[in-house]
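Enquirer: Okay, here's what each chain looks like letter by letter:
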Amino acid sequence: MKSRIPVVLLACGSFNPITNMHLRLFEVARDHLHQTGLYQVIGGIISPVNDNYRKKDLVAAHHRVAMARLALQTSDWVRVDPWESEQVQWMETVKVLRHHHSELLRSLPQTEGPDHGRVGSTARTAGPELKLLCGADVLKTFQTPNLWKDAHVQEIVEKFGIVCVSRTGHNPKEYISGSPILHRYRHNIHLAREPVQNELSSTYVRQALSQGHSVKYLLPDAVIAYIKDHNLYTRDSS
Amino acid sequence: MENSKMEVVLLACGSFNPITNMHLRLFELAKDYMNGTGKYKVIKGIISPVGDAYKKKGLISAHHRVIMAELATKSSEWVEVDTWESLQKEWVETAKVLRHHQEKLEAGSCDHQQDSPVRGRPGQKRKWAEQRQDFSQKKSLEPKTKDVPKVKLLCGADLLESFGVPNLWKSEDITQIVGDYGLVCITRAGNDAQKFIYESDALWQHRNNIHLVNEWITNDISSTKIRRALRRGQSIRYLVPDLVQEYIEKHDLYSCESEERNVGVILAPLQRNTAEANS
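Protein chains in written order, with the working numbering: chain Z, 3 to 240; chain D, 1180 to 1458.
Treat the hints as calculated values from the structure; they're not laboratory data.
There may be inaccurate statements among the hints.
Stated by the list, open to error - Straight-line Cα separation of at most 30 Å, DSS-like style, residue types lysine-lysine; simulated pairs:
(1) Z:151 with Z:57
(2) D:1218 with Z:218
(3) D:1429 with D:1236
(4) D:1349 with D:1283
(5) D:1218 with D:1275
(6) D:1329 with D:1220
(7) D:1220 with D:1275
(8) D:1236 with D:1253
(9) D:1218 with D:1253
(10) D:1184 with Z:218
(11) D:1253 with Z:218
(12) D:1234 with D:1253
(13) D:1275 with D:1329
(14) Z:230 with D:1184
(15) D:1220 with Z:218
(16) D:1283 with Z:218
(17) D:1329 with Z:218
(18) D:1404 with D:1236
(19) Z:175 with D:1404
(20) D:1268 with D:1329
(21) Z:230 with D:1218
(22) D:1253 with D:1268
(23) D:1404 with Z:218
(24) D:1220 with Z:230
(25) D:1404 with D:1253
(26) Z:218 with D:1429
(27) D:1404 with Z:142
(28) D:1349 with D:1236
(29) D:1235 with D:1275
(30) Z:230 with D:1253
(31) D:1235 with D:1349
(32) D:1283 with D:1268
(33) D:1329 with D:1218
Start from the sequences, fold in the hints, and give me the full structure.
Expert: Right, dumping it as structure tokens:
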């Protein structure tokens, strides 16, 4: 029996705040990779961006990390990692990938004789792969001039790989064919289809909150309670 | 003073097969909208799952659908589940369900609170008790209906447009629903809904009683898609409340077999209305 390649999914982003849509990305991506028969998803990481990214309305990283943590309380495979947010500077996604990949390799058992039983009988199996998980909107941003370094884009698709979840109004196949680098490594870009069309975004949630509208069922209750307790995203706080 | 606001109870009828986050969002959107007009105060939401006698394809037992709805509304302070409709032996027209709940409100009774298996939500009980007190006080001062909350049917645009399906609804029921009660309809395609209202005399006449609420973001979590995902072994997490997802998994509720239920059986309203038309 051919052993599956273990994969960890890494999602970078503002998570300002985290929503059910973000949480769905992981579920959809995992299902997709499993259905290929080639991969076994063994973990997921949410990495909220550093405050120095300076995006408009970005609330403090410690809040965004705390909210993600609350949202993931009931998840048995996805966790939040504050490393990126705790760095002094904002850092490029590729560096976050490199960091987490080396952490992943370091955490593996060093001796021969495996591990989880599902990964085949050979002593040294395929090392776990770390893939960037994102929505189709992020794939589009690879085209934005000066937003990504070409060398980084190449490293991301060549060394790591992307799992891209579809989003309304986006055509990821177009983005791939429109970029030589993406096109060359298209085998390493997995396009996962979210069967449930959902335009939910953090922007929408922030808007609703500032207008005093309910956001229940758009994000976990624990996150809503946190937002309320800390008075985040009110009309005055932006 | 808030006496000038009409108190409203939002009633959602449907299969809830299963209940999803989208169903729950309808209540939140409707409440924010109605409260935001300044004319209404939404005091309660009721989920009324349809009875098994509806005979819709893939409809699993009301017992499970009710429990899932109750699990889904556990964390809600104002939305609850009512089992009256689901317990009737025969299928009940929506207009009758509305009438049942309106009459209950007029009687000022708390019966359903005691019947409901979901007790022990002190906040809710307190609110209801206060309202009951208000009713009895007001009753003694001046007669009636002015202060009784009004039930309105909460729905998506699909229900509104289903009014056009032959034999699905009795025309007198449609008139009653929009005339005596009112509709709060959540829709992404406001223009289509307005056009539909315009093209129907009955709806047009009572257009002031039809509140169209715009849903700016697509949130397409239909029960059909949930059941399909489950048949394909795909995750439904974050599309339905966690408790509902766990319940479905624990009881293995949806399968290819369950989706075949009622295949070849005529939907109850179609059967009833066609029979009456032919008699």
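Enquirer: Compare the structure with each hint and give your call.
Expert: Cross-check of the supplied hints:
no.	hint	in the structure
1	Z:151 with Z:57	19 Å, holds
2	D:1218 with Z:218	23 Å, holds
3	D:1429 with D:1236	22 Å, holds
4	D:1349 with D:1283	24 Å, holds
5	D:1218 with D:1275	26 Å, holds
6	D:1329 with D:1220	10 Å, holds
7	D:1220 with D:1275	24 Å, holds
8	D:1236 with D:1253	28 Å, holds
9	D:1218 with D:1253	28 Å, holds
10	D:1184 with Z:218	24 Å, holds
11	D:1253 with Z:218	13 Å, holds
12	D:1234 with D:1253	28 Å, holds
13	D:1275 with D:1329	15 Å, holds
14	Z:230 with D:1184	27 Å, holds
15	D:1220 with Z:218	19 Å, holds
16	D:1283 with Z:218	28 Å, holds
17	D:1329 with Z:218	24 Å, holds
18	D:1404 with D:1236	14 Å, holds
19	Z:175 with D:1404	24 Å, holds
20	D:1268 with D:1329	27 Å, holds
21	Z:230 with D:1218	27 Å, holds
22	D:1253 with D:1268	27 Å, holds
23	D:1404 with Z:218	21 Å, holds
24	D:1220 with Z:230	22 Å, holds
25	D:1404 with D:1253	23 Å, holds
26	Z:218 with D:1429	25 Å, holds
27	D:1404 with Z:142	27 Å, holds
28	D:1349 with D:1236	22 Å, holds
29	D:1235 with D:1275	19 Å, holds
30	Z:230 with D:1253	20 Å, holds
31	D:1235 with D:1349	18 Å, holds
32	D:1283 with D:1268	20 Å, holds
33	D:1329 with D:1218	13 Å, holds
Comparing the model with each earlier hint shows no violations; every hint is respected.
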